[in-house]
Amino acid sequence: MNEKQRVQQVLSGNTSAFGYFVETYQDMAITIAYRICGNRQDAEDVVQESFVKAYRNLHSFRSESKFSSWLYRIVYNTAVTYAKTKVWISDSDVELTQINIESSDFDTETQILAAERTEMVQNVLNRIPKGDALLLTLYYMEDNSIKDIAKITGLNETNVKVKLFRARKLFKELLVATNEFQYA
Amino acid sequence: MNEKNNIHTDDEFIRQLMQSTKQQAPENLKYRIMQQIETEKSLLPQQTKKTRRASELLDSFKAIFGTVYVLLAVLVGVAFVVKGKGFLLSFEFLAVLSLIVLVATAFWLLAQVDYRVRRRQE
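Heads up: the sequence lines are chains C and A, in that order. With this note's numbering as the guide, the letters of the first sequence map in order to residues 367 to 550. With this note's numbering as the guide, the letters of the second sequence map in order to residues 79 to 200.
To be clear, the hints were calculated from the coordinates, so they are not data collected in a lab. Check each hint, because a few of them may be wrong.
[As the list claims (entries may be wrong)] Stretch by stretch, here's where chain C covers chain A in the computed footprint (C-beta under 8 angstroms, at least three residues):
id, stretch
1, 100 to 111
2, 154 to 162
[What the hints assert, rightly or not] Across the chosen pairs, the derived CB separations fall in these ranges:
id, chain 1, residue 1, chain 2, residue 2, range
3, A, 119, C, 523, 31 to 41 angstroms
4, A, 119, C, 525, 35 to 45 angstroms
5, A, 104, C, 525, 27 to 37 angstroms
6, C, 423, A, 108, 16 to 26 angstroms
7, C, 419, A, 177, 32 to 42 angstroms
All C-beta atoms in this analysis are idealised placements derived from N, C-alpha and C, irrespective of residue type, glycine included.
Bound conformation, chain C alone (with noise of 0.2 angstroms):
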């Protein structure tokens, strides 16, 4: 059974269909959440409350397009009215952003292993401006095409590749000077 039909199955009255998009999707709502609102309670209650407005709204959804974009969309909206917070910053507040960042104090001396590795990437993700991780997010995780990504963050197609690569160049500079971390 394809996406169509089970959005089908659910306006027809069958609640517990929707189960499906909720197994499907949470752990990517709540990451995406995550990145925005920066704490995992607020994260929990974005996912929870932009779920339940999925279901409102499932009447409106046009199934020419992709459920998760359409998901991820409301996720975004209800996250950053949630955190009350600016996801886009401008290039001169990167630039800040950024010094601060290359002089924060990473630990030299901690082996490289899987679970630093996670640990410390998650630490960059929340040490770069939240759009940017959000694109990387987006773009890394899910394979997101620059079209899906301009439809969830509500940019347009130029200004997501733009930022895209300032997001990715970012990333890998703060890869790089962490000294214990063997870029490439």
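Given chain C's structure and the hints, the job is docking chain A onto it.
Chain A only, in chain C's frame:
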């Protein structure tokens, strides 16, 4: 060519790193979401019924009085053509119009009573 390969390797490497940072939803999140949806759904039919009742009342009102006023307009038109302007203001003609409106009102009231009785039985 070399640069392209590097970009590809970089992308693959970042992808691997990013995959490791995916957040896991807690066990009970799905339950919480489905619970909220079920609760909202159970509250929804009452709202729908209320809306439907209001719209049914309005529909019957429009249907009955719409027909009556069309009928009155036709009567006035015919009376004007056949008997002239003076007849329109005569007691007999006004009495006929009032009677028609009264009958229609009584009919509408009966329809409402009937509707309410049926609803109560349901």
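Exercise. Do three or more residues of the stretch 154 to 162 of chain A come closer than 8 angstroms to chain C, measuring C-beta to C-beta?
Worked result: violated (count 0)
Exercise. For the pair residue 423 of chain C and residue 108 of chain A, does the Cβ-Cβ distance stay inside 16 to 26 angstroms?
Worked result: 19 angstroms, holds
Problem set entry | chain C over the stretch 100 to 111 of chain A, status - at least 3 residues with CB closer than 8 angstroms | Coverage by chain C holds for the stretch 100 to 111 of chain A (9 residues, Cβ < 8 angstroms).
Exercise. Is 27 to 37 angstroms a correct range for the gap between the Cβ atoms of residue 104 of chain A and residue 525 of chain C?
Worked result: Holds, at about 34 angstroms.
Exercise. Between residue 119 of chain A and residue 525 of chain C, does the C-beta distance stay in 35 to 45 angstroms?
Worked result: 39 angstroms, holds
Exercise. Is 31 to 41 angstroms right for how far apart the beta carbons of residue 119 of chain A and residue 523 of chain C are?
Worked result: Holds, at about 38 angstroms.
Exercise. Is it true that residue 419 of chain C and residue 177 of chain A lie within 32 to 42 angstroms of each other by Cβ?
Worked result: 56 angstroms, violated
Hints 2 and 7, counting from the list given before, are not met by this structure.
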